[in-house]
Structures are given as structure tokens and as C-alpha cells.
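Peer 1: Keeping their order, the protein sequence lines are chains A, B, C, D, E and F. The opening position of the first sequence corresponds to residue -5 in this note's numbering, with each subsequent residue numbered one higher. The opening position of the second sequence corresponds to residue -5 in this note's numbering, with each subsequent residue numbered one higher. The opening position of the third sequence corresponds to residue -5 in this note's numbering, with each subsequent residue numbered one higher. The opening position of the fourth sequence corresponds to residue -5 in this note's numbering, with each subsequent residue numbered one higher. The opening position of the fifth sequence corresponds to residue -5 in this note's numbering, with each subsequent residue numbered one higher. The opening position of the sixth sequence corresponds to residue -5 in this note's numbering, with each subsequent residue numbered one higher.
Since the hints were made in silico from the structure, they are not lab data. Bear in mind the structure is a predicted one, so any value in this text is a computation, not a measurement. There's no promise every hint is true.
No distinction is drawn between identical chains; accordingly, a pair holds when it is met within one copy or between any pair of copies.
[As the list claims (entries may be wrong)] Below are the DSS-like pairs computed for lysine-lysine, each with C-alpha atoms no more than 30 Å apart in a straight line:
id : residue 1 : residue 2
1  : Lys95     : Lys286
2  : Lys172    : Lys78
3  : Lys151    : Lys249
4  : Lys286    : Lys195
5  : Lys78     : Lys195
Chain residues, written in single-letter form:
Number of protein chains: 6
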Amino acid sequence: MSCVVCFGELMLRLAPEGYRRFVQADSFEASYGGGEANVAVSLANFGIESRYVTKLPSNELGQAALNSLRHFGVDTRFISRGGKRLGIYFVEKGASQRPSKVLYDRAGSAIAESELSDFDWDSIFNDKVQWFHWTGITPAISDKAALLCEAACKKAKEKGITISCDLNYRKNLWPREKAKEVMTALCKYVDLCFANEEDAKDVFGISGKSFEDVAAQMAGQFGFSTVAITNRQSLSANDNGWSAMLYQNAGDGAKAYWSKKYDIHIVDRVGAGDSFAAGIIYGRLQEWEAQKTLDFALAASCLKHSIEGDYNMVSLAEVLALAEGAGTGRIMR
Amino acid sequence: MSCVVCFGELMLRLAPEGYRRFVQADSFEASYGGGEANVAVSLANFGIESRYVTKLPSNELGQAALNSLRHFGVDTRFISRGGKRLGIYFVEKGASQRPSKVLYDRAGSAIAESELSDFDWDSIFNDKVQWFHWTGITPAISDKAALLCEAACKKAKEKGITISCDLNYRKNLWPREKAKEVMTALCKYVDLCFANEEDAKDVFGISGKSFEDVAAQMAGQFGFSTVAITNRQSLSANDNGWSAMLYQNAGDGAKAYWSKKYDIHIVDRVGAGDSFAAGIIYGRLQEWEAQKTLDFALAASCLKHSIEGDYNMVSLAEVLALAEGAGTGRIMR
Amino acid sequence: MSCVVCFGELMLRLAPEGYRRFVQADSFEASYGGGEANVAVSLANFGIESRYVTKLPSNELGQAALNSLRHFGVDTRFISRGGKRLGIYFVEKGASQRPSKVLYDRAGSAIAESELSDFDWDSIFNDKVQWFHWTGITPAISDKAALLCEAACKKAKEKGITISCDLNYRKNLWPREKAKEVMTALCKYVDLCFANEEDAKDVFGISGKSFEDVAAQMAGQFGFSTVAITNRQSLSANDNGWSAMLYQNAGDGAKAYWSKKYDIHIVDRVGAGDSFAAGIIYGRLQEWEAQKTLDFALAASCLKHSIEGDYNMVSLAEVLALAEGAGTGRIMR
Amino acid sequence: MSCVVCFGELMLRLAPEGYRRFVQADSFEASYGGGEANVAVSLANFGIESRYVTKLPSNELGQAALNSLRHFGVDTRFISRGGKRLGIYFVEKGASQRPSKVLYDRAGSAIAESELSDFDWDSIFNDKVQWFHWTGITPAISDKAALLCEAACKKAKEKGITISCDLNYRKNLWPREKAKEVMTALCKYVDLCFANEEDAKDVFGISGKSFEDVAAQMAGQFGFSTVAITNRQSLSANDNGWSAMLYQNAGDGAKAYWSKKYDIHIVDRVGAGDSFAAGIIYGRLQEWEAQKTLDFALAASCLKHSIEGDYNMVSLAEVLALAEGAGTGRIMR
Amino acid sequence: MSCVVCFGELMLRLAPEGYRRFVQADSFEASYGGGEANVAVSLANFGIESRYVTKLPSNELGQAALNSLRHFGVDTRFISRGGKRLGIYFVEKGASQRPSKVLYDRAGSAIAESELSDFDWDSIFNDKVQWFHWTGITPAISDKAALLCEAACKKAKEKGITISCDLNYRKNLWPREKAKEVMTALCKYVDLCFANEEDAKDVFGISGKSFEDVAAQMAGQFGFSTVAITNRQSLSANDNGWSAMLYQNAGDGAKAYWSKKYDIHIVDRVGAGDSFAAGIIYGRLQEWEAQKTLDFALAASCLKHSIEGDYNMVSLAEVLALAEGAGTGRIMR
Amino acid sequence: MSCVVCFGELMLRLAPEGYRRFVQADSFEASYGGGEANVAVSLANFGIESRYVTKLPSNELGQAALNSLRHFGVDTRFISRGGKRLGIYFVEKGASQRPSKVLYDRAGSAIAESELSDFDWDSIFNDKVQWFHWTGITPAISDKAALLCEAACKKAKEKGITISCDLNYRKNLWPREKAKEVMTALCKYVDLCFANEEDAKDVFGISGKSFEDVAAQMAGQFGFSTVAITNRQSLSANDNGWSAMLYQNAGDGAKAYWSKKYDIHIVDRVGAGDSFAAGIIYGRLQEWEAQKTLDFALAASCLKHSIEGDYNMVSLAEVLALAEGAGTGRIMR
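Generate coordinates for the entire structure from the input sequences, incorporating the hints supplied.
Peer 2: Take a look at the structure:
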């Protein structure tokens, strides 16, 4: 069985109950999440062996974060322990015209201040590993983390492991200029690039007359063999349209595949992009055709919107059922 | 005052909070419910004397289940006590494209293993009793329960009591073939048959070009004087259309009555069919005209969708107000 | 800096969790609210010095009510303490076709039984005070309260303070006839009158072919320089349309300004009118143009619908962002 | 089977969660209780037919209060409906040196303002009724209620029904002088009087060198055939000693019976006296000997301290087990 | 590193909140537990590789149960999936004189109905495995489970693996006679036997003048090299004394070791015996001296009483600190 | 009226529910606290004008922290806004032999990185200010904060304001050596010094044969006119003894005053020392005699142990009642 390695930051996620605002909160729901960890959990839920790499403090919060991954069967043996603190993010759920809000409190986290010596990439990328996934958040959290990211990419490339990256631009973590510089350097290692409708412009300044055009430019500039772009149509904090495009630059020419659009009533939209990425990776590992892969990934991420927390707690069977046409929400008993 | 007897299984209902999935649940909301008990509670809330018959274990859970009925004034004096366990069902609330899910854990329950000697139908159907209601779930839970159902029907018929049955096909309880065989035998006692848009096909293999056609076939085959069919249009787990048809096969010919359609934003849809059945029974006991009866029943079941739990906790006045045209949801103060 | 005085009743608000009905409630969420207090909190959140005047019992519940205002920086130094009880209101959240329901339990409250001597209006309306706001609920709670209201209006008028009143007709507090009589007398002090689509008819028997027509009649009859009318289009308990009109009767003729309409998915609609009034008052204090004032007020009250409790916990920046065109609910991080 | 009638006020009980103070409460646990209702529920839990008489408002809160009694099988058919409001009491749980605190908000309740015509005592005290129980709280809530109490006592006496009264002096409801006057008049109807260690002095000014002495004086002065006195030794809000004495003034001379003392770790002490009274009444209805009756009643009330809410939710078997010597709290499985 | 295998039943544990009774419960806290699983989790928390073997249904509840073990790093790869249901136990927390109560609803569970073919003991007991632990509950749940237990013991013995058994007599699962017969046959494989102060008598009819005497008889009769007996002194449901004795029957003669006694204020006492067993196993794997092993095990189980749920969520460092003399509960910051 | 200024760090406090451990937490109760803020709230609750000075981030969490102080009437106008983050502390409640545990996550907080220019001490210490209080935590959080502390002390001294300091040694914030150096320099400004039984040794290396001896050495070395020492006797995480000594070094010689000892059943012991300090300051502002001041302060801090959260939510009347002899915890109604 193949194994996927994900590398990034795992945070404590604190959310006021229901639609309460931060200033009303007398309690926070606590869970754990982070772009790459979310992908690792999704893949583990689909039955893929997934391995998550990060650094977590040696205290109880670090342990709880690690446990949250073991819970779903993610391999946590290569997580480094130590450092000063666990990154935290606060999220307030929006409603109607009031947007959801995220406050990051992640500076100085264990992974942001980790050293190259904390990770033995040679052991991490052992023979079973076939895929390496990271996101644009990882190099953004600190210069050290960017170096780590590069070291990992180099080693993965060296070993012939497929590398995917989700651009995931976060304006509060770094300015556009720096993002462009760092990501341009790192993207040369990347085979498959994920982006949403704004990332390409935010990070690389690439825009185009269509998603296909944008993907073609990205593929051209960085040599991506595949570009996957999700498209969120935000009607309100409760109701979104959700679709995606998969652009494949195969030997015999490039081709774009288009998904259907889901009209979604949102329970929790954080992690939707990650659940999409996991779906694409899963399809590729199964060597499915592009359209089937895209439909599966979009179905997975559609379901994510109905689930509280960062992690996409759905089974393979549930995603397949939706991808193959369910979706009326009729009760199952 | 007339009295309605309902007979079936009452279960502990365990539901994760909000939209949480089973695998996320660190607590379950506990309530009690079951098709026939739901009808009994609805009728009690409308001011009808209702009597519920089942068997419950002698332990605290059995007592709590019984108390949940006394709470609303249902007559519980004929409930038999004993047996090994209380049936349980777990329900996970769906959202958007993710369907609600029910897990039954009811095998070996007190009622499933009850004996004919546990019930004295002659006393249960005393002079006040005018109506007997059961559903297709009861004979499905065990062969013993099917025998009990037959005994009750026979006695009720003997005493001239009107009998209604809701087909309520549950594929996890019995296969279609067995359902057909058993229900065919039992339906000969039934005056009024409730079905949803799929039951007739699932149980009897009856389909038709319209609901009216299906009802006519059912009435023809089993001699039902009335057939009531609800029609759920499932747009998503949150949004449903809801309407119904009432088919009356009176002496002077058959006639179908059609309801309006409600566009419903769902809080909890379990028990909607039961609340509809209770509405029809109520209208019949009041000797209302068919159209008024249908409108009342649909309004009652429309409101059920806005209420947590199996039981339809609405008053007669609230249902009448909606049936007569309210429904904009404007605040009342 | 200018100061706004609000005068009225502050109540304990008890609401069953989520969509639970009163008869299901085994706990109540507790907060505090009341028409005029809601305006005071909104203004404090916008950075305006606001002063709230009422009478609260000397017990812990009275203290908790007072604390809820200090929490947001409202000046509570002129609140009188004493009397027998704190008014309470119970609110059950509606869903779909089931309306929200309010049960008042406010008879005999400290403010309803307060005396003229409980308040020193001369001190309350000190030099900083520029605006006085009250609603039609205050004179409705008791004859004593109506007298107090009149005393306050007189003193405010004497000092050249702008007076605004929200008609806020509550049929359970007084009959239409009495409301008309008392409000007619009090409205002669009022400069700016707020109403919803039904108040003008309920209180004054004024109806018209359009909102502008109604406002013109009101302005004509009572000499209001401004009339602001909100318009709720109730599709269901979950979904409402929300818009407003501002009618200005300036020296050079009258003019009506119209807002856009928001399609709102409701979290909690109590206090929406109050948040609108606070928005208008804020715009006027900033000497904004009428259209900007109206747009700001409607945006503020649009956001209120997404917030649990009576108080509109939004910042100036958030309201401005919506008024200036945000509103897609896209996540902010 | 014999039937016991209890008459008094049933209130909504609102308690902050855990040990939170009123000023911290953002939610209240809601239940229902009141001295006489607590006795009725205890008796129903022991299998006695108990009938509760009061007046409750016609709104949803009144209905919920009524349902809370039906839940346990109490006969609620003679409850009058109407009036303005449901009485409320707020209770804050003490800990260590901080005492529990009760805030009454019961003025103007339906029962306080009920009329003689609201109750048909002749029907209420039908042939099955053997016992009538009320407490000193009932005549304290209003003059009307005191008259009602007298009317009930007269009718009960006339029918040869045993009457018991728990003095239950509440200093916030009436002054000592008035209590003495009213209770002196009413106690002439009473056969069995319950008191705690302070009531006799508070209400009648009776004190003595021992509980036996006090009981003898009470029996002498009012002709009680039995006096039962509970003795609470308050070490802290968490830890109490709990014992009791039963004084029987039989034909052949008076005799005092003494219980053991329980060292109790308190979960909720409200309603302990009521659970004791119910235990004594139960023993008397069973015609148990005095010592067995006392031991049973004290065991019942000992268990009450371990149960949240006013109602003593214990079974006959549980009380008997403790009365007969269990009490080590060893787990049962 | 050595590996410990535990085999038994893992159940869903449902507990009303706080001190609420079953009949009051409107929600249940959900967790997972079972004697042998509790030992596996304890060992994993101490850093030992532990492997848990059972059968769980293929549904979401079975998955959640399995996840609860992965959460703590227990190896779940040998858990068989299938069967009809997950065993459930309900537990109500006692207080003061009211005992805790357990209701088992485990009949027909997947493990109770599992077959020999569900487990490949040869693979399970691979080269790393040094220890095998089971309890008297496993053979009690069904005859099939008893056969499985025997098969596992045989294979473990064959491979030279140390076997420990906790007698854990449960009177609701089997009668004393059957327990004696089955356990006598199985105990011949056992090296280390755990018992509490009642088990030896309940299962084997062995009593004695002291714990040492009882242990000597057990060792004599069954050839146990070690017998460990815990001693609970139940003052109330809240306060217990807790101590233990370790009896070693080494080559050079038998010796008994005695622990100190802890005075414990209980949070949750379920699983205390299991946490003790895990402590003894840990000490033996570390080859600690008997007294140190005993002190460690008792400290571990002392801490378990302060932790909600079945699993003992304490670290090695915390247990060592208590075993070495901490225990004043002074805050750590 | 006199005014007290408190200066230090205000943190978000996150605590798992009940006795749950960090690794079990799926939610955290959120409140706000910090040594000096706790003193400010206590004094405000006693009716003293208290002013709190710190720096809080401009985001919603900073606002919520500030609101928590306004809630109790603390003057927050001199709080500086800005910086990167709000300090956080996690606290897990201990039970029995398991100690409570605090995890600090406060590095890089707004106040830790604030500049001298953030505060205008001349305005802060205006004419009304009579007292300035800080604790040893403030200079420990950063070198910048230590400088700020010194600047504040200098200005206060200059203005003749009384200065009190609670040593509050925290080993995780700084080593003993540094604490000694910095605190020695700062303590020369201090008039009244608070310490617990360990602080004097931890910070200054002062130990003695008695508390009086220790206090005398401290007074001698630093010129404190008053030293107040609390004494916690930790029996378990639930049960503590609590007493204190007040050492006054008046013109006519030194004298020690001793309190009684309270046996406390703990709800939440965080902030107990702060509530004691507030009591002493209150007594001194009232110019009470030393013994009365000490008794009041100890009673206040005794009650704090019964209250959830950092803030001591008790009234003056409640503290006086306990100081004057109440304390049996008998219910008040």
C-alpha cells in the first residue's frame, strides 16, 4: 500500500458555540486542525496510509493535538516534540450577511521555530511513500519553516515522490511580494498545484479570462503537470455555490475537466479546500480518470461543508454515493 | 370522549448534538419515540384520550420511556413491563447534501420478545375505544410481534373499532417479500391506510401513474375505505417540499383530495409521517370534511419538521392557525 | 463628545436552547434586553457615549442586568435601584412555518412601579446630552411609567434635546385605544419617529397607499421632522426580507429615501428594530446625509439578525463594511 | 388503593449551572417544584395515587409545570388553569462557607390570586382520598390562598380525611406575627405536623429543652396526634448532618422515636423536608410502626440530598435498601 | 520493545451528566470502555506498545469505539469487524448514600457472538508480545467468548507469554456456579491473578482470615505466581479508602507486600481496578521490585478515581510523582 | 472617594469543563483573569473605584477581556490597545490526589511587549488615586514590563500614593536569581507586601522559624510597613486549610495578627491570594483596625474558593457576614 506524507502546522482550533460572536463567548469548542493535517485525516478516512509531520510542544496540548490525528489512524511517529507553544486559531461562525472570522494566534509555535535537525526526511520518506503534500501556509509561518519545506521538497524529489501543493494564500501571514518570491522557488518541485479562485492572483499575480487560462499559465510557468482550482460562489455566510476545474497537462496536450456545481447550505466551511485536495490525491493514487477524480474530490469537499471542525469525517462509501448522484439528503435508515 | 389505542415499540432515541456525526459524538441527546407512540402523543396534545400499548423493561430506562408518555397525558396503564432491554435508535442529523442517518439497535427488545399473554386486548379495547392505530414497523420487529398485531386487529375488528395502519416500510427490519406476505394478511383488518410515496411499492409492489392511481389500487386490493399518501420532495437534508393526498372510497364513489405544498426548512423530520397520521385521525374523530382533515393533518406535520425529537409538541390552536393560512413565521408577542 | 440618553425597561430574557419549545425546555439561555437598552448598547458599540435610565431591583438579578450594560460601556450611574422584581420575557425561537413566540412576565417590575422621585431628570440630561430616545413600550408598561415618560420628554424638550421614539406597539401591554391616547399626547415632544409596517396603523390608525404616504400623514399630524419605517417581509421564521424608508421633512420640503432590501437568514430577530433606530441616531449625530444614514442603519439591523440575544454586538467597522457593499459572507482571515 | 391530595404552589425553578452565582449565570437549569408538589411526586414514585391541586396559567409555562407532574404519574386533573403568571424561584447552589441562596419571584402568581370558585373540594376529596397534605407556604403566599387553605381543611375534616401540615416558615413571605395568627387558626384542623428545628420557634414561638419537649408543647397546644421534626446540622454548604424525631401522641401516652444521623455530602438539598414528609405519610398509609416509618422517611430524605431538583426521584426499593442498612455507596452492577 | 495484548469487550458507555439519575437524563455523555481496553489504554499512556483484540460492528459506532483506542496509540489492527451490535453500558453516578448504578445492555454484541475464525491468535501473539491480559468478564459474556478466551490462553501459553487475569466477577452476567466452573478451567493458564476483596469468594468460594491468606489459597489452588488484591473501603459514594496487597510466590518462598491507603474523593471510580492491573503489569515489564510495582499501581489507580470515563488518562510522570510522595493536590504552575 | 490603580496582565483563561483533563477537553470554559485585575474587580465589587491598567490587543479577544472588567464597573479608560496577542492561560481542575495544573501561553503578549510610551502615569495617577497595587508577575513577564513597573512605582511614590505588591513567584516565568534581583530593586517602593508561605523563600531566600519571623525579616530588609502572609494547608486538591497573618510595623513597634483557619471545600482556588490582597486593601482604605482588616480579607478569600473563575464575585455584605461569624452554609431564602 502506498503512503502519503503531509507536512505543516497543526493548531488548536477554538470556536464559540453556534453563531455566537467572540465577544459573547463564555466557552470555546476545542478541536484541532491545519491544512495539511486535514488532508492527512481525509486520506486516512479513505483507507490510505497517511503520515503527518510537524513539531508539537511536549505539553498536554501538544499531546491532545497529536491524539486527534491518531484518532483517525494517521501515522504520527515522525512528529517532532518540543518548542514553546502550540499555534491557536479562533474562528467565529458567520451567518447571513455576517462573514465568518478567523483570528490567528500562531506566532512562535513549535513548528514555526523548529530546526532542520528536528526532522529526518530520509526516514520520513521511506520506501512506502508515494506522495508528499504541503500548502502555502507552511513556508508562510516562518523563514525556518520555509527552509524546512524546501529541504523536504528536495528530498522528496530526489526519491521520485509526487509532490502536491495547495497555494492557500493567507494575507495575515505574509505580504504578496514575499509569498511570490518564496513560493516561486518552492513550486519548481511541485507536480500538482491546488488553488482557489483568488490564490493564483494573490501569490503569482496570474489572472486570466478563465480558470482554464489561469491554470495553463500556471502550468506553463512552473511546470505543473496538474492544476486543480476550486470555485466558491459566496451568496451569504450560509449559502455557497461550490465547483471546481481540473487541468491536466499530459504528454499529449492539456485538457480541462469541469465539475458540476453544488448549492451548499453551510455547517462549517473551514477545511473545504483541504478535503478537495485529499479527494484529488485519492483519485490519483487509485489511478482513476481525471473526470472521476474531480467528481470524487468535489463530492468529498461538498460533504465537508456539512461537518463541524476542520477534519472531513466522511467515509469512502459516502463520498462515492454523492459523486455518483445521491445528494437529495433523504434520510437513510 | 372517544379514545384511541396505539400499539408498537417505544425506543430510546440517541442523537449527537446539532449536526455532529456519530464518530464525533461525545454526548447524545436522549429522548424517546416510535411511530405509534408519536401518534399517541400528538393526539393527547390535541386533547384526545390516547392509550399506548407496548412492553417495556422493568429497569430505569423502561421507566423513563414510560414517563415520557405520561408527560403528555398519554394513558400508560396497559403497558406491560418486563423483558430484557429497551430498543434504541441512533440518529445523526444530516445537512445539505449529507443525509440523516438512523442506526437501529432494537433486536431483542422487550416488545420484540413479548408474548400474547402480556396483553389483555379485551380490557385494552374497552368501551371508550373508537380507534386502533399501528404501523408496519410493529409486525416487522419480530414474528411474535406480528402475531400480537394480528391478535389486536382481530379483537379490534370484533369490537367494531376503526383500524388504521401506516405502512412505514423499513428495509433493515425485514425483506420486501416477507413484508408483503405479513402485511397483506394484516391489512385485511385495516380501514384507513397511510403510506408515503415509496411504501406502496416497497411493501405491495403497487405503483401507478399518480398517487390517486396508487391509492385506488390499494383500496381495491385491500378494501381500505381511505388511503392517505404523503409526498416528500427532498431538495437537500435541510430543505424539503411536503404535501399529501387523501383518497376516500365512500359509498357513492371514490374521491381524491389534494393539499397545498409546504416549503420546509427542517429542524427534525423524524416523526413527520406520524404527526400526519395523527392529524388525519383527529379530523376523522371530529367528523370533519375530507379537505379540512387533510389540511389539518398536513399543517400538523409541517410544524413537526420544526420541532426537535420524535414527538410533535404543538397545540391544536397552533395547527389550526397554520391550516387556516398562517405560516409566514412572523413573531408572536 | 455628545451623549445619548435611553429610558425604558430592561428585562431578563430567557430562551430555550436552539429551536426547542417552551414545553421542552430543561434550561434557558439567560441574557438581558429591552428596546431602549438595546439602542444604548448599539450606540456604545459605535463609540457613542450612551446613558441608560431605568429602575432595577436591589437583588442579584437587578445587578446582573445592570452589569450587562456596563459590559459594553453604557453609563449606568443614573439607574435607580429598588422595587420588587425584574421584568422577565421568555422567547421561543421559531423555525420554518412555526413562528417565534414571546411570553411577557413583566407586571409589577421595578420600573413599572417606579415613582417620579426615582429619577432626577435635570441631572440625567446634563450638558453633554444631545439626544433622548424612548419607545412606545415604556408608557405601555404602567400609568406611572407613562407619567415618567412625559416628565422626561418635557425636561428634554426644555433643554433643547432631540427626542426620538419608536412606536413599538405591543398588543399584550395595552389596547389600541389607550395606546392612541397616551402616545398622541407624548408624540408632541418627538422629533424623530420610528415605526414598522404595522405600528402606525395599530397606534394611530394611520394607513396609506405607501410608506411615504403614511410617513407624511404622521409627520403632518405630530410634527415629526423625520419618520423612519422598517419593512419586514416574512417568508418564514427563518427567512425574511428587510428594508426601510427614511422620510425627512426639512425646511425646503419633504423627501423619502429608500434602502436596498436584504434577504436575511435569521439567527435572532429580536432587537432588529432597535438596532435600526441606533443606526439612524448614529448617522444623525455624525451629521451624515439621509441616504448614508439610512444605509448604515439598515446594515446595522441586517447584521443584528445574525446575532444571538437582544444586543447588537457589531462594530462600527463591520456595519460600514456591509453598508458599503460587503455582504457575501466570505470568510475573513 | 388510597389517594393523597396535596395542595399548594408549583413554581418554575431556575438555577445557574453547577456552583455558578446568579451574577455569572448565562443559563439557568429549568425544572419545577414546590413543597406540596414535591410530596405528591415522592408518593407517586412510591406507588401511591397522589393528586395535586393548584392553579396554573393557561400558557406554555403553566403547561410545562403541569407536565412535570404527569411525568411521574401524579393526578393533575383537578389543577385549575388561568391567572396571570407562574411563580418563579431562582436558586443558587452554595459551596463550602458560601450558603445557597433562594430568590422568590412569586407575587401575583395564578394560585396566589385564585378564588374559592376555582376549586371544587367536594370532587377533589372523593371517596378514594385518605390524606390531605399542605404546608405553611400556601397560606403565606396571599390572603386568598389562606382562605383556600382553610376551605380545603374544613372540607377534608368534614370527610374524615387525615390532614398533615409542614410548617415551612418563610420569612420573606410573611412576618412572624401574621404567620402565627394564620397558622394557629389553620392548625386546629391538622393531625400530623412537620417542622424543622427552627419552625416551631419562628411560627409559634415555641422552644424547649429538647425536640421532644418542643413536640410535646406543639401537640398540647394544637392537638396534633403526631409531630415530626427534622434536624439539620449544617457544617458547610456541602456537608450536613441529618436526623429526625417522630413524636406520637397515641391514646396510651406520648412517645418519641429517634432516627440515626446521616452524614451527607450534598448535591441538592432543596425539597429534603418534603421528601421526609412523604416518607412519613407513606409509612402511615402502610400502617408501619413508628420507628420503621421514621427510618424510612429519613432514608428517603437522605437520598433526596443526592438528587438534582426539587423532586425526590427515588424508588421504594432504593429507600428501603438504605433504611435497612445500605449506605456505603458501593457501586451496583 | 515488548508488547502487551489485551482481549475483551469494548462498550459504548452512556452516563447522565453530573449526578443526574437515569430517569432525569435528557442527554448522555458518550465514551468507550471495558476492562481489558482500559488496561490497554493505561499501558499505551505509559509508553508500552499495547494491542487490543475484540470484535466490533462495521457501523459508525464500532468505528467510534475503535477510534477511541487509536486516540491513545493502542494498536487496533487485530480488531475483527462485523456482527450485529456494539455492547452498551449505562452508568449513573452515585453521591453520598446513593450508590452508582450500572445497567448492562450488552447481550448479542459482536464480540459475544464472534467465532474462533474471527481471530488469528498466531499472528496476534507475534514475536514482540510478552504479556497477555484478559478479565473474568470476557468468558462471562457468552459461551463462544469463553471458548475464544481458552483458545487465546492456550496459544499464549504455547508461546511462553505471561498471562494475567482479573477475576472481575459480575453477577448479572453469570451465576457463581458457572463462573467457578469456567474460571477454574481458564485459570490454569494464568500466571498473575488480580482480584478485589470480594472476587475470590464470589468466583472460587475462597475466603480467609486475611488478604494474604486468601492469596495463598488462590496461589496454591491455581498455581498463580502472583496474586494482587485491591481493597476498597466504601465510606460513601463520594469518599473511599483505597489500598492493595501484592502476593508473590517466588522460587524462594511467598511474600506479601502492602501498600499505603489513599483517602479518595471520587470523580469516577469505574476502571480503577483496571488502572491498578495496568500499573502492576507495567512494573513487571520494567522488572521493578515488588514494593515499587505495587506502589506505582496503587498510585495509578488512585489517580484514576479523579478522572472522568473508563480510561486512565494519566502520564507516567504523574503516577511516579504520586507514588513517590506527592498527593497534596497543590496546584502546579 | 478614593481610587485604587492596579497594573498587570489580563489573560484569557481556558478551562476544560468540570474535572476533565486537558487531553479530554472538547471545549474550554472561557473567562478572563490575572492577579492585579482580580484585585481590581474585588475592590469594584466592594464599591471602591478601581482603575486597571494594561495593554490589550485591538482585536475582539482584547475587547472581550476589557469588557469583562467593565462588567464589574472597573475603570478601563487607561488600558492601552495594540500589540500582537492576548496572553492565555489554560487551567485544569485537580481532584483528590491529582493537582490542578496551569499551562501559561503568555509570551509575546501585548503587555509583555508594551513600551513606556504606552502609558501616561501622570494622568493615570490623578488626584483621586490613593493606592497602587501590582504583583511579582508583572515584572516577570518581560524586561520591558519590569521597566514599566518601575516607572509606575516611581511616579506613584512621587505622588505619595501607597504601594502594595504581591510577590506571587512563578517559576515558569523567571528563575529565582533574576526574580530576586528585580524584585529587590522594585520592593524599595513598596509599603505593603503580600506573600504566601513559599514566596519569601523563593524570591528573597528568606525563611524563618515562624511567619512572624519571616515577615519581620522582610520588613527589616525592604522597609515594608506591613507584611501579609497567607497560609494554605493542602490536604488534597479538594480540601484545604486556609489562614493568614498580618504583620504591622507601626511607629510604636511591630505586631503580628493571626486569623482563624477555614476548612475549605474547593470549587476554584485560582485568585484566592488576590481576593485576600483586595480585602486587606479595602480594610486599610476604610481605616479599619488590623484584626478586623485581616478577618475581612480572609473571609473574602475563603469565599473566593467557592466561586468559578478568577474574579471574586462576592458582595461586601456577604464578606462581612462571614467575617462576623456565618459560615455554616445554611440556605438563605
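Peer 1: Indicate, hint by hint, whether the structure satisfies it.
Peer 2: Verification of the supplied hints:
{"no.": "1", "hint": "Lys95 / Lys286", "verdict": "between (34 Å within a copy, 26 Å between copies)"}
{"no.": "2", "hint": "Lys172 / Lys78", "verdict": "both (26 Å within a copy, 21 Å between copies)"}
{"no.": "3", "hint": "Lys151 / Lys249", "verdict": "within (25 Å within a copy, 63 Å between copies)"}
{"no.": "4", "hint": "Lys286 / Lys195", "verdict": "within (28 Å within a copy, 33 Å between copies)"}
{"no.": "5", "hint": "Lys78 / Lys195", "verdict": "between (35 Å within a copy, 28 Å between copies)"}
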